[in-house]
Amino acid sequence: MKRIVTLILALILTAFCAVSFASCGDSASKTKIAIVQPMDHTSLNQIRDTIIETLHTLGYTDANTEIIVKNASNDASLLPSIYQSLISDNVDVIIPIGTGTAQVAAAQTDTIPIVFAAVSDPVAAGLVSAFENTDKNITGVSDSVDVNAIFGLAAILTPDVKTFGFVYNASEINSSVKIAVAKQYCDAHGIAYKEATVTSTADIAQAAASIAGEVDAFFTPDDNTVASGMAVYAGVQNDNKTPIYVGADSMVSDGGFATVGIDYDILAKQVAEMTDRILKGGKIADNHVELVANPAKIINKNVADAMGITIPAELLSEFIIIE
12 MKRIVTLILA LILTAFCAVS FASCGDSASK TKIAIVQPMD HTSLNQIRDT IIETLHTLGY
72 TDANTEIIVK NASNDASLLP SIYQSLISDN VDVIIPIGTG TAQVAAAQTD TIPIVFAAVS
132 DPVAAGLVSA FENTDKNITG VSDSVDVNAI FGLAAILTPD VKTFGFVYNA SEINSSVKIA
192 VAKQYCDAHG IAYKEATVTS TADIAQAAAS IAGEVDAFFT PDDNTVASGM AVYAGVQNDN
252 KTPIYVGADS MVSDGGFATV GIDYDILAKQ VAEMTDRILK GGKIADNHVE LVANPAKIIN
312 KNVADAMGIT IPAELLSEFI IIE
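Here our numbering = 1-based position in the sequence shown + 11.
Don't take every hint at face value.
[To be verified] With a Cα cut of at most 25 Å, we get these calculated PhoX-like pairs of lysine-lysine:
no.	residue 1	residue 2
1	308	252
2	308	194
3	312	252
4	43	81
5	147	173
6	194	43
7	147	291
8	173	194
9	205	252
10	147	81
11	194	147
12	41	291
13	308	43
14	194	205
15	294	252
16	291	43
17	81	291
18	252	173
19	147	308
20	173	81
21	173	312
22	294	41
I should point out that these hints are in silico values taken from the structure, not numbers from a laboratory.
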């Protein structure tokens, strides 16, 4: 009799497990992918959402995968505990978005594969010794921007600019590296520049306004702090008729003037595809750091009209013109 009861209970338990994803080991067998971003803003959210969308198209569905999204809400001190929680949860791969987020991830684990998104200079950040040398547990896709190309565009659209204003967060490696290149370009072309650094989005309006009357145009790379406050920055631009050249497509969409910069949808797709290769057994050593395949060429016509800037006919077919 006891054997019959035991058999019936076993059959009931088996049937229950077959229909429940949340119990009986099913959730434990799912692939766990963690995405960590430092804060909310258009660029970072765009990267996150496109990674998730691409992973779904690659077959990582709710039935077989748990995608865990964590956000430090602009408080970097939360990142170590976020990563420790993910490590305890035995995630299969970590996708940190941004340089600082990736640096903390690398400091927290040397065993879980890390595929970073949007790290401008992973060598300067200490994540890899070279783009082609991924000999640790970390690789990813860089959002290195061709700063010279952006200034080349500025020379076409606003050839009379004599002084540029650089607004950025000096503590962000992704920004400071690109500002150094911008200074080299200006020095080589006889263009003056003034700097206004920020430490938080609350500083943007005052910092930009403090130099607006002394510059002919602004330049800001794909700086997370400034990108979080593009609406405020764009307000200074519009009030002073001083166009903002930026490092990313989303920053133009959020009110900046123009870029030959990063297309974050392309970057995110490359991150998802690299993650897929690694989850399917590919070695990080064989998946070197990648650059974004194609730059985003975007001009904001509303800003051009407000600034009295004429977009040359030859750029109309080459660039995405948003209004």
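Structure-based check of each hint:
no.: 1; hint: 308 with 252; in the structure: 22 Å, holds
no.: 2; hint: 308 with 194; in the structure: 22 Å, holds
no.: 3; hint: 312 with 252; in the structure: 14 Å, holds
no.: 4; hint: 43 with 81; in the structure: 13 Å, holds
no.: 5; hint: 147 with 173; in the structure: 45 Å, violated
no.: 6; hint: 194 with 43; in the structure: 43 Å, violated
no.: 7; hint: 147 with 291; in the structure: 18 Å, holds
no.: 8; hint: 173 with 194; in the structure: 13 Å, holds
no.: 9; hint: 205 with 252; in the structure: 17 Å, holds
no.: 10; hint: 147 with 81; in the structure: 24 Å, holds
no.: 11; hint: 194 with 147; in the structure: 33 Å, violated
no.: 12; hint: 41 with 291; in the structure: 14 Å, holds
no.: 13; hint: 308 with 43; in the structure: 35 Å, violated
no.: 14; hint: 194 with 205; in the structure: 10 Å, holds
no.: 15; hint: 294 with 252; in the structure: 51 Å, violated
no.: 16; hint: 291 with 43; in the structure: 13 Å, holds
no.: 17; hint: 81 with 291; in the structure: 24 Å, holds
no.: 18; hint: 252 with 173; in the structure: 15 Å, holds
no.: 19; hint: 147 with 308; in the structure: 34 Å, violated
no.: 20; hint: 173 with 81; in the structure: 43 Å, violated
no.: 21; hint: 173 with 312; in the structure: 22 Å, holds
no.: 22; hint: 294 with 41; in the structure: 21 Å, holds
Hints 5, 6, 11, 13, 15, 19 and 20 from the earlier list are contradicted by this structure; the remaining hints agree with it.
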